[in-house]
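There are 4 protein chains.
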Amino acid sequence: MEKKIGFIGLGNMGINMAQNLINAGYHLMIFNRTISKADELDQASITKCKSPAEAAKGVHAIITMVADDEVLKETVLGEEGILKTLPKNSVHISMSTISPETSQLLAKHHTQAGNSYLTSPVFGRPEAAAAKKLWICVSGDQQAKAIAKPILENLGQGIVDFGETHGGANVVKIAGNFMIMASIEMMAEAYTLAEKNGIDRLKVAEFFGSTIFNAPIFQNYGKLIANKQYEPVGFKSALGYKDARLAFKLSQASEIPMPAVSLVHNRLLTAIAKGWGDTDWVEGIGRGVTEDAGI
Amino acid sequence: MEKKIGFIGLGNMGINMAQNLINAGYHLMIFNRTISKADELDQASITKCKSPAEAAKGVHAIITMVADDEVLKETVLGEEGILKTLPKNSVHISMSTISPETSQLLAKHHTQAGNSYLTSPVFGRPEAAAAKKLWICVSGDQQAKAIAKPILENLGQGIVDFGETHGGANVVKIAGNFMIMASIEMMAEAYTLAEKNGIDRLKVAEFFGSTIFNAPIFQNYGKLIANKQYEPVGFKSALGYKDARLAFKLSQASEIPMPAVSLVHNRLLTAIAKGWGDTDWVEGIGRGVTEDAGI
Amino acid sequence: MEKKIGFIGLGNMGINMAQNLINAGYHLMIFNRTISKADELDQASITKCKSPAEAAKGVHAIITMVADDEVLKETVLGEEGILKTLPKNSVHISMSTISPETSQLLAKHHTQAGNSYLTSPVFGRPEAAAAKKLWICVSGDQQAKAIAKPILENLGQGIVDFGETHGGANVVKIAGNFMIMASIEMMAEAYTLAEKNGIDRLKVAEFFGSTIFNAPIFQNYGKLIANKQYEPVGFKSALGYKDARLAFKLSQASEIPMPAVSLVHNRLLTAIAKGWGDTDWVEGIGRGVTEDAGI
Amino acid sequence: MEKKIGFIGLGNMGINMAQNLINAGYHLMIFNRTISKADELDQASITKCKSPAEAAKGVHAIITMVADDEVLKETVLGEEGILKTLPKNSVHISMSTISPETSQLLAKHHTQAGNSYLTSPVFGRPEAAAAKKLWICVSGDQQAKAIAKPILENLGQGIVDFGETHGGANVVKIAGNFMIMASIEMMAEAYTLAEKNGIDRLKVAEFFGSTIFNAPIFQNYGKLIANKQYEPVGFKSALGYKDARLAFKLSQASEIPMPAVSLVHNRLLTAIAKGWGDTDWVEGIGRGVTEDAGI
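Residue numbers (the working numbering), protein chains in the order written: chain C, 1 to 295; chain W, 1001 to 1295; chain P, 2001 to 2295; chain R, 3001 to 3295.
If we strip away everything but chain C, and leave its shape as in the complex, we get (with noise of 0.2 Å):
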């Protein structure tokens, strides 16, 4: 009975997290606007709905993981969306790259509705959620954490509580991208410097990435922007450019000036307008660097 949830969004990322959520014995109500992406998963294990509100309809639990604030907004507020049949007590379980603001819009929403909103944002690229290894975090009403918690331990190798401020986690997520989208733009400009001096670009990666940056970031993206290996894409520079711009939303409204952010968000905003949104965005931020050192 408790094993069926809502499951909303079945992109790159949603559909690895709904894979292993049957393999725990889940019973997903998917709704995805693109219906057909459902045919990849087993049939017996999956509902497949015409809406948002069919697939809250009887859960306690609904997850989403949509592209960007405005469809979470429809998704949850629209004339078939998930406020019109989530049950009460049941959580909404929002895990989409969005806004603090939005967070805070629909958790008062939530609330009005007698259910509950919690939200968290997941670090980790799609062959991360496909092997239960993303970092999930969260914040919110601590009764909402209770009910996710079972789900959320199905798809990642942690969960970080960041209180309970609606849109808590979601500042870390932005802050999080951000810091990757830094790191490439650091290493693309360092990397461009040895290449340029007669030195081995991915020595010098390799060198970094086993060393005082022995970190994920600096050794997979190190070798993908050392190799100026852009194929294939796996996030596009166009959402990279989202989240920068999402990033430098933030910084206004929290009233901090962030020139990194600044930094990274022109970055992007020139590999959109040369064109090249849908490269990844290491090629996004790596072709911008060396480019304009004229190679």
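Rather than coming from a laboratory, the hints here were simulated on the basis of the structure. It is possible that part of the hints are untrue.
Label-pair restraints from in silico Cβ distances [unchecked claim]: (1) C:E40 to W:Q1219: 33 to 41 Å; (2) R:P3232 to P:Q2219: 28 to 36 Å; (3) R:G3114 to W:E1070: 25 to 33 Å.
The beta-carbon is built from N, C-alpha and C at its ideal position, and this holds for glycine as well.
Use these hints to put chains W, P and R onto chain C, whose structure you have.
What follows is chains W, P and R alone, placed relative to chain C:
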């Protein structure tokens, strides 16, 4: 016999390195502008010298670990410089953070004098030097590397070879220090964003430092930045600024626009202008971020 | 008959513009949030109104000069907004500094209501408004321009037509305000450079203002910046920041990386964060430059 | 007798200045690296010299207008430099765009030699030089100014005195060139914003150039930028970059963070890296802005 080497520069790094060489059985011909600094070392294992030339007399290798390009040039080319006495076939192991330009200039002079120059800057703070945990980057002639290797093995946990170009290892060192500064900047911005949104700075730092950014740079500096813990001073803002200038100058010489270098350069120049030159560079950067944010 | 027009917004600019219209023989149907402000005007020439709708009733033209996009949207589209009463074939002369997006939205509503919308922002400070020295940029329908022309001629020294696109004149206004901010920034940097090198700031400002930069922006602001004369407050840093945000948002929407916009945006965001929102924008920028320089 | 002066440097500026001096009745002792350039001048009024020393022999004044600090230092201090022959009490009128540091160094040498050094850089393009419309900034000893005055009056429309510090006028010149570059950048950004929003670039440039920005910089450069008219080359991007470097170096030496200087520096460094060094600086900057905007 072979165990007698020259050693110039007993700063925070040099004193620890000298101690490790003594522990390994070397006798050091030491020159330091403030020679009383040598009193901290075992007197039986050292000879205090009155000039670089005296320290270089009769040794097969001499290490320099001094403040900057100008001091090093004076140390080598000055009236009482190393070049006056260093025996043929000996090697000058140049471990300071300097420009590749200076390495090339000095290598030329050493070659003309019949001895050799090995670029070998290091990564690591004084504690790492004391613990023999430095990472040593080398570039230059094979013969020089062969002579230096048994000596350098007493100073660090790894020696990485960046080829035969004399300035090569300097470029890697400058790139790495830039990456550290940029990391401090991005953490300072991100954690201040968290703070202004009611999230605990340290909690965020610990999360990133134990997950996607689990590298020493983000763990050690991350904690200092999160706690605004600016004492004791490990590496002065004035020295960080010196390194930012080296990076900027190299970006000019290499014809690579490096906006992240401009950013950290201007951040540290602001610190200098505000009179914070003697603070730790974590303060020079971190306090700049928080003051601009009005906290 | 035709001499009765609506007028909304008695701020520093509006009050001077209203006075000039009264001097030209117009009777003004006035709405202002703080209606007591209208006491400064000749009571025989005005009618105080309780809502935008009341001010728009029976007029062939209505001028709005309000704080920002949100206030203007409420003024037009709100429950007691202009649209409720403005007669067919009348024109809304929209003189506030707002985004082109808002102009396009409002123009659509006016067209549907059978009347028209004329974008007509102005360049000039309150003194220029009082002296009928404003420069007025217009864009929109020819018919609307024809109706507005005899009215606008009482407010400025020139009306410049930027075509039929409703947002066109807004883009020019936003671009111009950005150029003013960037000019203030460059002067602040240059004159501080002079000061730190022992040269009189004012002498430099007067030299440039009377030779290659002999334009009002460099003459008037140049003197204020040189003298660090920040009183009286003519245009608040908070308003300058609002305009920097408009410019930044427009650069995003237009997909143009504008690093100089980022620069002035962050300078004014710093001013806001430091609590200088109510200072003149010359102080917001100029003091930021000198404080960063340690003076 | 007094009408014989030395003249070194027949570049685009120098050749026009030399012509004006000849027109005023002076006989010029000319040195230029490519001496054939002097063939364009009235041969009866000049003496071609084989070295700076020869040009300085027996004159009461000598003008230098050369490429950069290095060339000027060689011209004065070199083996066949001015200092070898310039008579006591004569004055070296130094009109090149150089650093204040170099002026101070040369002034010291001249003082030791019993003659004097007058810093006197100019504002104006070659056409202005030809039309005697230069603005001349001077700094240095009163005596030197008195000797130079009757000579300089034949070259420009005004001489402005910036005090006795030798580097003073250099600082003003560097600050001014920075302001011109920053103006070109801001116009390029603003007019590209107009273009992408469907507004005629030239119309916007003409509006600003005839109203609030009605100064030569915005009128002349404004038209070139608006029309993307990059030929003929008046002032090369490589020279603009040289001046941006001077400004940056001076900001370091003066301990003033100047973000607008960083911006134009990086813009021109990008131009150099992309191989546009020989284009006009309007192209170096303007094309950088449009390419980043994808047009």
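Do the hints match the structure? See the list:
no.: 1; hint: C:E40 to W:Q1219: 33 to 41 Å; verdict: holds (39 Å)
no.: 2; hint: R:P3232 to P:Q2219: 28 to 36 Å; verdict: holds (32 Å)
no.: 3; hint: R:G3114 to W:E1070: 25 to 33 Å; verdict: holds (32 Å)
Checked against the numbered hints above, the structure violates none of them.
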